[in-house]
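There are 4 protein chains.
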Amino acid sequence: MSIIKDKSPVLFFYNDSKKWLMNISKKEELHTHIGVLKHADAIGKEYGSRLMTNKDKYVYLLEPTMYDYIMKIQHGTQIVYPKDLGYIAARAGIQDGQKILEIGTGSGSMTSFVASIVKPRGHVYTFDVDEKFMKIAEKNIRRAGLSKYVTQTNLDLKTSKEIPVTEMDVALIDLGDPWVVLPKVRQMLKGSGCIFAICPTMNQLEKLTIALIENEFTDIESTEHIIRTIAAREGKTRHSFQGIGHTTYLCFARKAFFGRTKAKATTKAKATTKAKATTKAKATTKAKATTKAKATKKSTKN
Amino acid sequence: MSIIKDKSPVLFFYNDSKKWLMNISKKEELHTHIGVLKHADAIGKEYGSRLMTNKDKYVYLLEPTMYDYIMKIQHGTQIVYPKDLGYIAARAGIQDGQKILEIGTGSGSMTSFVASIVKPRGHVYTFDVDEKFMKIAEKNIRRAGLSKYVTQTNLDLKTSKEIPVTEMDVALIDLGDPWVVLPKVRQMLKGSGCIFAICPTMNQLEKLTIALIENEFTDIESTEHIIRTIAAREGKTRHSFQGIGHTTYLCFARKAFFGRTKAKATTKAKATTKAKATTKAKATTKAKATTKAKATKKSTKN
Amino acid sequence: MSIIKDKSPVLFFYNDSKKWLMNISKKEELHTHIGVLKHADAIGKEYGSRLMTNKDKYVYLLEPTMYDYIMKIQHGTQIVYPKDLGYIAARAGIQDGQKILEIGTGSGSMTSFVASIVKPRGHVYTFDVDEKFMKIAEKNIRRAGLSKYVTQTNLDLKTSKEIPVTEMDVALIDLGDPWVVLPKVRQMLKGSGCIFAICPTMNQLEKLTIALIENEFTDIESTEHIIRTIAAREGKTRHSFQGIGHTTYLCFARKAFFGRTKAKATTKAKATTKAKATTKAKATTKAKATTKAKATKKSTKN
Amino acid sequence: MSIIKDKSPVLFFYNDSKKWLMNISKKEELHTHIGVLKHADAIGKEYGSRLMTNKDKYVYLLEPTMYDYIMKIQHGTQIVYPKDLGYIAARAGIQDGQKILEIGTGSGSMTSFVASIVKPRGHVYTFDVDEKFMKIAEKNIRRAGLSKYVTQTNLDLKTSKEIPVTEMDVALIDLGDPWVVLPKVRQMLKGSGCIFAICPTMNQLEKLTIALIENEFTDIESTEHIIRTIAAREGKTRHSFQGIGHTTYLCFARKAFFGRTKAKATTKAKATTKAKATTKAKATTKAKATTKAKATKKSTKN
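Residue numbers (my numbering), protein chains in the order written: chain Y, 64 to 365; chain G, 64 to 365; chain D, 64 to 365; chain B, 64 to 365.
Treat each hint with caution, since some may be false.
One copy or any two copies: either way a pair holds, since identical chains are not told apart in the list.
With a Cα cut of at most 30 Å, we get these calculated DSS-like pairs of lysine-lysine [claimed, not checked]:
hint, residue 1, residue 2
1, Lys135, Lys162
2, Lys202, Lys162
3, Lys198, Lys70
4, Lys135, Lys253
5, Lys81, Lys253
6, Lys211, Lys253
7, Lys162, Lys211
8, Lys68, Lys81
Just so you know, the hints here were simulated from the structure itself, not pulled from any lab data.
Isolated chain Y (complex conformation):
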């Protein structure tokens, strides 16, 4: 049985919009507009129990989930929302043991979510250039107990010539101009590795899709995810009056090799710049494709 102790993390839950995530501290009180609670009263209780405030309101003592940590991060900074995070995990098949590259740590919400899934044998390598955000992210990741599974680096992958990591299973990009880092991301991803970019605008989806083709990615998919809350009540079930607006679009793809022999492709990938990618794309003319096709056919005959 999970009993709350001093220092235990607790989500004080009144309802979905009034909830407070904190660690129990014996002598502290929680002051809210629905009344006051003593932390000490929570100690010794099982998670799920409830306390009553001095204003006669019940507050539940819940064991925080990753969702609660993410929604806490939400206050004050921009986050990737659970509805979008969930699809990223499911579509890219993120799982225990994977190595994840993240470009644009932001407040660390996506970092934490992904780390909680790939741990204990996997790892998240996350890069950002904003010192202030990096500190916020570090705090958020630590609070969720995931620091061990995350390496934060202050490095601008748009300009750096360094290839800090390789053979990544999945790359997550949260930049305004994700196409800029594509050639570099290719070098860090393993063959057929997955990429996901957070694209708030349609223009980003469009530009990125063009760049993904140029950079030899396949299985490209752009989606948006709408979550609708339903007020289920006896005899009066309907969708909620409160609508949930746009958060972001998502762009997914997988690293491929466009018909070159393995050895050459690798060499080429290393040298890839945006300009070259364009040239290469142009060079993939029908004529060339046909020649190669013949060669392939021949080999399949042998």
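For this one, chain Y is given, so just place chains G, D and B on it according to the hints.
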């Protein structure tokens, strides 16, 4: 670098609706309406490479992700879709090390997805009564390489008096009448543990919500998830003409204790039957609540 | 050219959430938090012109459309929204010359919209029992200049034995329990006339659909309508962050005669009560259907 | 009572995807895969009655609505869908007596819908350049009995210097490049008249919005409309499994005059070319705006 060998799993990918997931078998050929491929030609290639069929079509050799395994299961049986699975994982905060209860194994798609996240230290305990489906699920879970993390049991939790597992972090219910097992699920869940039910109809959401309140669950949330595909193309970006219809609604909640002392709550929970739950709910009148409230207040003063 | 005069209706438009609909009154001023405007300054201007407030904000002088009248009604009372009204008009094919029955006048938003389409040769017969609302509706309909095309009656069609109108082209029902009036609505509708009910909950859709079948309606369709606003801006086009929530579901159907000869059907329709409808529905067993089918076949052979 | 006669239009309705719209012709038969019906058997029946085919299927004899005419047009050509048409009517406040300009007649579905609303005192002026489509549209409009209220003209408003109509209440544009005709549309619209453009892509919305601002339109709104069908059945109510995909986005605006005196504005509008519009937009710098603002303020003081 990940090189394809004999016996390696490969997703032969032409496009999103034409793809084949199988293990490489040196002497086999893949026969499709876009042409024929020899498995042998894939051996030695890096994942992400492509082969050309004898009809001049390129097919990519992708390393299968959990998504690919789930979508493969889809053929012929009903599955929980990635858009819904993703939200389940994100909302319940499923992560490495958790113990998951699943009632209604079905074809094993949700089982596999969840197992891939909780491994290696977590486990999925899944229950079903349909022998035929249990075999299909077993095959699907094995193919995804997850058998080690899943225990499949043929047991009807609607009628059985057995409590086969306890202290589960999350319970997933995929039954036509999820409310029937709620009292039992309570006993198997840890305090403030999460529940998710797959509810294809609004009537199920409504009935389940009522039962969740009766059975002392909190943070109840019903949602639906709409995924819209966007055709991102230069100068012509728009949503896809093909719409994606209804799959299921989802109902989430967390196990709570409604104002009883911990000890009593546990006893009561064990004895709970549907009939009793109803009576109890009725008895929670304002008067009673007020009395209890006073008692609680007194104790918080001490 | 449309020039604004004294008494002309004008929509003072600053943006979609700050706009004021009123008639020009030579000596009045419009006082808003974006500044003050003199009505007199609008006189003599062409519709579409703009004035500047004393706080340097531009306000456009627009000629009010039916949409503006409806959105004005919105303040303070519940309305049927344009997205839903539009579908009602398009699906039922509402047009000039039709006779419309409305049960539940409410604030008169749907009444006004429909009257603006069926005029000058059509008419709306609207019924309500709430004196207070009837006065609000009357004012709203008059303001939109449509009183001539609307007859408002204080009559409870749920209990009254009167059949105040017949041969209606379309019936619009905005009641909490629309199924109660169905037998009566049948008598007022012409053959194959259309019905539309405003149903905010799924339970209403379900109950009404069952009742529509019992009462011999066909082409039954339940829908919901989601409007999403798009912020189209150079290089940054995306859906709006602000979501628009649930308003209502809509239920459509057309009056049919279930396999009876014309003469009988009419007689029966007059006598129809809810109880009878149920009995009748039950009586439509396979056996009976088969017998009738044979008869029909015979006649088609002749 | 509406009785079906020889030559009467009838929608033979089996279900939403199997329905046939035609005029009764005494000696004809309707041959379908659900059996054969003799037109003669419909004569003398009330609309709403049903006939049985020789395969024992019931078919309802419905009086066609404008919706039925539009959905019939759908077969073989692209149409604007009722969900979108309805919003156009409701948002622009289309009603009896209005004069409507349509650029891009297409198959005449929007033409017919709008004509059915503005008749008998209003009129639709529609322009297209494709002779083949104009003939299709003519047939569709005639079948719906609306020829009297529509003037079809073969004229390319993109290039023509002619201003064939003026003082239009509403302009509907269904062109791939709606921005090209904006200066011309301005001249044909009355002050504060409404414009609606059918824009299947996000790129069109973006380009058009920029052009609308340049061409002095206000109240600009881009929307998309999602219709979801609900299968309402006893105890099993849910959204339909079949999703309805993207049709088009819609862009709405109203003609305004940006702070110029009425006379000047008109002159300018006439002279407007695309190039000029751009220059003008650039010139509207903050500095200039301020100057103008002062001038306007002065005049309002006098």
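**Request:** Please name the hints from earlier in the document that this structure breaks, with their numbers sorted from lowest to highest.
**Result:** none
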